[in-house]
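Here is what each chain is made of, one letter per residue.
There are 2 protein chains.
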Amino acid sequence: MTVKILRLGHRAARDKRISTHCALVARALGAKGLIYTGQRDSDMEASVRRVSEQWGGKFTIEHATSWRKVVKDFKGKSAHLTMYGLPIKDKIGEIKKTKDLIIVIGGEKVPMEVYHAVDWNIGVTNQPHSELGALSIFLHEYFQGKELNLDFGKSERRIIPQKAGKRFA
Amino acid sequence: MTVKILRLGHRAARDKRISTHCALVARALGAKGLIYTGQRDSDMEASVRRVSEQWGGKFTIEHATSWRKVVKDFKGKSAHLTMYGLPIKDKIGEIKKTKDLIIVIGGEKVPMEVYHAVDWNIGVTNQPHSELGALSIFLHEYFQGKELNLDFGKSERRIIPQKAGKRFA
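Going down the list, the protein sequences come from chains A and B. For the first sequence, the positions run 1 to 169 when the numbering used here is used. For the second sequence, the positions run 1 to 169 when the numbering used here is used.
Think of the hints as simulated: they come from the structure by calculation, not from any bench. Because the structure is a prediction, the values reported are computed rather than measured. Honestly, I wouldn't trust all of these hints.
A pair holds if it fits inside one copy or across any two, identical chains being indistinguishable in the list.
[Unchecked claim] Simulated pairs of lysine-lysine, BS3-like, Cα-Cα distance not exceeding 30 Å:
#1 Lys-163 <-> Lys-146
#2 Lys-146 <-> Lys-96
#3 Lys-72 <-> Lys-91
#4 Lys-32 <-> Lys-91
#5 Lys-97 <-> Lys-32
#6 Lys-72 <-> Lys-154
#7 Lys-109 <-> Lys-154
#8 Lys-166 <-> Lys-72
If we strip away everything but chain A, and leave its shape as in the complex, we get (with noise of 0.2 Å):
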């Protein structure tokens, strides 16, 4: 089972701090790495790969320069998040058939094509908002909320739940 991103059309200066959430986003719900379009993002990649060293898992992050050929190549289905696409209720149940799926998220202005290119254009309220809101429910209702229990394996980092403050393990 493998679940991985595609963040379309990165931009440096503009989208650093979205795109970085959007990566751990994706790594803190289940999902195995981030492939980005765009601008190459040497800082952006190092910070998530700091915070993949420091509390586990196996997270990765690639820069693509061809999201058609991120997608043709990939051996599974897709999943384009869009305000425009049909209600997440409606093909939750479709899509979870899918073992290996890629999501794709935008981006200010996503190219006709990538709606066309994917198996699925999903809309997560039909309301403006955010890809990390679309995100992180399509996660949450692709895992069914087994994802908030995942177990990153040792790590440098852990957190003990506390009801007020910060406790490491």
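Dock chain B against the given chain A, drawing on the hints supplied.
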């Protein structure tokens, strides 16, 4: 039933997009408004209000100088989303009984006082990710998926969900 978001320590330059996304996610997923502390940012306020005017609903955005006063004056309970908190799955049942809720999200450095001022500190996983990821899943759990079908009333813009492509009503 009133759910509001309190976003702590906004920095106009660094946080503009993340805070804007927080407000849009909050609106799209059924919260009534966002209050933020830190730097006043009329650009951000204007862009959130513009979305609300075009897409319907009555979402509000306000600046406050003191988070303490906001939490204290709010007639209801408060939940702070933090990676150090108790698992959402263990607490959401209890939290759902609260009809009026203010959801507190950081900010880079959340003062320890916040942890003690709120009714719950909740971890949407205990991994580092994004206040946007935490907020989205929290709202989704709190509203039990009903937030995905909200009616925003008469609005200038409205999407008709499509299998591929874009269509407005």
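How the hints compare with the structure:
{"no.": "1", "hint": "Lys-163 <-> Lys-146", "verdict": "both (22 Å within a copy, 28 Å between copies)"}
{"no.": "2", "hint": "Lys-146 <-> Lys-96", "verdict": "both (13 Å within a copy, 20 Å between copies)"}
{"no.": "3", "hint": "Lys-72 <-> Lys-91", "verdict": "within (22 Å within a copy, 42 Å between copies)"}
{"no.": "4", "hint": "Lys-32 <-> Lys-91", "verdict": "both (22 Å within a copy, 28 Å between copies)"}
{"no.": "5", "hint": "Lys-97 <-> Lys-32", "verdict": "within (18 Å within a copy, 36 Å between copies)"}
{"no.": "6", "hint": "Lys-72 <-> Lys-154", "verdict": "neither (35 Å within a copy, 41 Å between copies)"}
{"no.": "7", "hint": "Lys-109 <-> Lys-154", "verdict": "between (40 Å within a copy, 27 Å between copies)"}
{"no.": "8", "hint": "Lys-166 <-> Lys-72", "verdict": "between (44 Å within a copy, 23 Å between copies)"}
Hint 6 from the earlier list is the only one contradicted by this structure; the remaining hints agree with it.
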